[in-house]
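Construct the entire structure; sequences and hints are all you get.
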Amino acid sequence: NDSRPTFLAFSRQALPNLPNSSIENTLKGAYAVIECEKPDIILIGTGSEVSVCMDAAKELESAGTKVRVVSMPSTEIFREQPASYKDALLPKSVKKMSVEAACTSGWGEFADAFVGIDVFGASAPGGTCMDKFGFNKDNVLACAKRCIAGETGVLSNGSQGKH
Numbered sequence: 001n002d003s004r005p006t007f008l009a010f011s012r013q014a015l016p017n018l019p020n021s022s023i024e025n026t027l028k029g030a031y032a033v034i035e036c037e038k039p040d041i042i043l044i045g046t047g048s049e050v051s052v053c054m055d056a057a058k059e060l061e062s063a064g065t066k067v068r069v070v071s072m073p074s075t076e077i078f079r080e081q082p083a084s085y086k087d088a089l090l091p092k093s094v095k096k097m098s099v100e101a102a103c104t105s106g107w108g109e110f111a112d113a114f115v116g117i118d119v120f121g122a123s124a125p126g127g128t129c130m131d132k133f134g135f136n137k138d139n140v141l142a143c144a145k146r147c148i149a150g151e152t153g154v155l156s157n158g159s160q161g162k163h
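Taking my numbering, the leading residue of the sequence shown gets 1, the next gets one more, and so forth.
One or more of the hints may lead you astray.
List of simulated lysine to any residue pairs, SDA-like, C-alpha gap at most 20 Å [to be verified]:
no.: 1; residue 1: K66; residue 2: M130
no.: 2; residue 1: K66; residue 2: T128
no.: 3; residue 1: K66; residue 2: D118
The following label-pair restraints were derived from C-beta to C-beta distances [unchecked claim]:
no.: 4; residue 1: C103; residue 2: G126; range: 31 to 39 Å
no.: 5; residue 1: A88; residue 2: G108; range: 14 to 22 Å
no.: 6; residue 1: A124; residue 2: S93; range: 34 to 42 Å
In short, the hints are calculated from the structure, not lab data.
Backbone N, C-alpha and C fix where the C-beta goes; we use that ideal spot for every residue, glycine too.
In structure tokens form, the structure reads like this:
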């Protein structure tokens with residue numbers, strides 16, 4: 001394939017199958033995994049982080065917050081979609097927070113607030129590192145609440161896990 005990104009997804013983690021996951025949806029670059037009418041917040045994940053977003057969304061929804069969870073496997077392909085699709089999936093009027101186990105830079109195009117890793121140098125089993133860097137339900141939930149309250153920018157950058 002010389003005209004589009006090629007994507008092979010592998011994980012050492014045991015991850016759930018995502019609702020609405022399909023070749024057709026993946027070919028859009030981003031799609032709703034958990035949909036709702038008029039969300040209060042949209043959580044955007046890129047890979048294994050989507051399941052953490054789903055866990056946080058369940059807790060937010062149980063407290064009465066409307067949440068859409070979006071899987072965004074390819075920002076490049078998403079950028080190519082019609083404006084109507086992009087605006088419907090990520091409306092400008094709704095607060096959005098990205099969750100990616102990588103640097104937070106570049107997410108301002110799609111989200112208002114960011115959970116990521118802007119540090120390096122830790123070594124431990126994968127699950128331990130993910131937890132220490134804030135890729136767990138409790139941290140994503142806390143950051144989502146801060147985003148809903150109006151905070152923007154980097155809400156969690158992994159520095160809490162750096163020793």
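Now for the hints, and whether the structure bears them out:
no.: 1; hint: K66 - M130; in the structure: violated (26 Å)
no.: 2; hint: K66 - T128; in the structure: violated (30 Å)
no.: 3; hint: K66 - D118; in the structure: violated (29 Å)
no.: 4; hint: C103 - G126: 31 to 39 Å; in the structure: violated (18 Å)
no.: 5; hint: A88 - G108: 14 to 22 Å; in the structure: holds (20 Å)
no.: 6; hint: A124 - S93: 34 to 42 Å; in the structure: holds (40 Å)
Consistency with the previously given hints fails for numbers 1, 2, 3 and 4, ordered from lowest to highest.
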